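J.: Read off the chains here:
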Amino acid sequence: MKEMLIILFTAILVENYVLMKFLAICSFLGVSKKLDAAVGMSAAVIFVMLMATAATWPIFHYILDPLKLGYMQTVIFILVIAALVQLVEMILKKFMPPLYRALGVFLPLITTNCAILGVVVLNITKSYTFAQSMVNSLGAGLGYLLAMVLFSGVRSRVDTADVPECFKGIPITLVAASIMSVSFMGFTGLVENMFK
Amino acid sequence: MNKLKILVNGIIKENPVLVLVLGTCPALAVTNSTINGVGMGLAATFVLICSNVVISLLKKVIPDKVRIPCYIVVIAGFVTVVQLMMQAYMKSLYDALGIFLSLIVVNCVILGRAEMFANKNSVFDSFLDGVGMGIGFTLALFLMGALREIFGAGTFCNIPIPGLSSQPIAILAQAPGGFFVYGFIIAMLNKVSHGKAVKRKTFDCESCPSHAGCSGALKGGCGR
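Residue numbers (our numbering), protein chains in the order written: chain F, 213 to 408; chain Y, 14 to 237.
Just so you know, these hints were derived from the structure itself, not from any lab.
Treat the numbers as computed from the prediction; the structure is a model and nothing was measured.
Where a beta carbon is used, it is the ideal one built from N, C-alpha and C, also for glycine.
There could be a bad hint or two in this list.
Residues on chain F that point at chain Y, a partial pick, calculated with CB under 7 Å [to be verified]: (1) Phe221; (2) Thr286; (3) Val287; (4) Leu329; (5) Val333; (6) Leu334; (7) Val375; (8) Val387; (9) Ala389.
Footprint (simulated), chain Y over chain F, 3 or more residues, beta carbon under 8 Å [claimed, not checked]: (10) 314–325; (11) 336–342; (12) 361–371.
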């Protein structure tokens, strides 16, 4: 249990997938303009991350590894994720229209979201068990949610601020992200001490 | 289009990292040293050239509806080639790049060029576009890696620089420095080009790398 909590909080705070590991920067900069869009995108990411981990972990450990096809993991994983996203989109559309209306527009973007492929590959390279992988994916997704929600607040202030002409737009957004990343560095060492 | 123009286009006018703001993840993550940045740039260039050529060859064969998954499979194949080669001959670079080597698959630059250029143009033009974009990507990563290494660690390609290596600004080599240096370079580029370069690019639906394959774009996009 303690080990699970350590993995969870490490993924959310100390090794935040967006601000410390630089995964999913495209969507972090692109979709964080409005709070509701940020929350919708994060919910879709958490959902697909968990599904993708549940699908890819058994594929690697029961099919690819015994057959010594480990080197095919990049090809197989991205195909599985692409198929999974399509499938989830169709199922939601048919059986859960309200959820589809909330998440639908974000789902097609998720195939090329590097946090999804990143987290499933990291689960394999860190040789986590199935339960640990699921917890790590949940933590990665929650960390993404946290970063998106916090940054959408920062964005709404930065966009109206008076900055030098050449910094307007993307540059000042990146500098704001840098300052937020500094604050996440403050969590270093927190988790080890929390569960002593 | 003029052949030379296609080649130079990717290096300056439409530099994928500094002007189009694509491929931001590797640009931020692996540029904590010059060698890593250039290694990543060259690996992505190889994949970009090969995938551009193959996709251009297959443009009449691939059905329009499933083109994005087809592109991804082609790209993933070449990424696996790069991974195996690098693991065999450049083990230290392979370890340093780590997960970002497999993440070349979802690099927006490569998928974006497949969608925007290779599936509309001839094989040779696509090859030139791949070379140009690859050089532009590598140069941008080199610039960021060099700046972060010189000021963040006081070294250049692991050679200490007198005067800087005693008191480096260590934060520039860490995660926050990546965002900062990237933002700063774009701002300076804006300054030099009098705002022509990047300011006009905003984060709307049309500039999204997944725009073409995104069904959400028809419904008003995900940002609103």
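J.: Hint Val287 of chain F vs chain Y: min CB-CB distance below 7 Å?
T.: holds (4 Å)
J.: Under 8 Å between beta-carbons, do enough residues of the segment 361–371 of chain F, three at least, approach chain Y for the coverage claim to hold?
T.: violated (count 0)
J.: Against chain Y, is Ala389 of chain F within 7 Å by beta-carbon distance?
T.: holds (5 Å)
J.: Grab the minimum C-beta distance from Thr286 of chain F to chain Y and call the hint holds if it beats 7 Å, violated otherwise.
T.: This interface hint holds because 5 Å falls under the 7 Å limit.
J.: With a cut-off of 8 Å between beta carbons, are at least three residues of the segment 314–325 of chain F near chain Y?
T.: Coverage by chain Y holds for the segment 314–325 of chain F (9 residues, Cβ < 8 Å).
J.: Under the criterion of a CB-CB separation shorter than 7 Å, is Val333 of chain F in contact with chain Y as hinted?
T.: Holds. Min distance 5 Å.
J.: For the hint on Leu329 of chain F, just tell me whether its beta-carbon gets within less than 7 Å of chain Y.
T.: holds (6 Å)
J.: Hint Val387 of chain F vs chain Y: min CB-CB distance below 7 Å?
T.: holds (4 Å)
J.: Minimum Cβ distance from Phe221 of chain F to chain Y below 7 Å?
T.: violated (18 Å)
J.: Should the hint that Leu334 of chain F touches chain Y count as held when the rule is a Cβ pair under 7 Å?
T.: holds (6 Å)
J.: Per the coverage rule (Cβ-Cβ under 8 Å, at least three residues), is the segment 336–342 of chain F covered by chain Y?
T.: violated (count 1)
J.: Let's test the interface hint: is any C-beta of chain Y closer than 7 Å to that of Val375 of chain F?
T.: Nearest chain Y Cβ about 9 Å off; hint violated.
Going down the numbered hints, you'll see the structure goes against 1, 7, 11 and 12, while the others check out.
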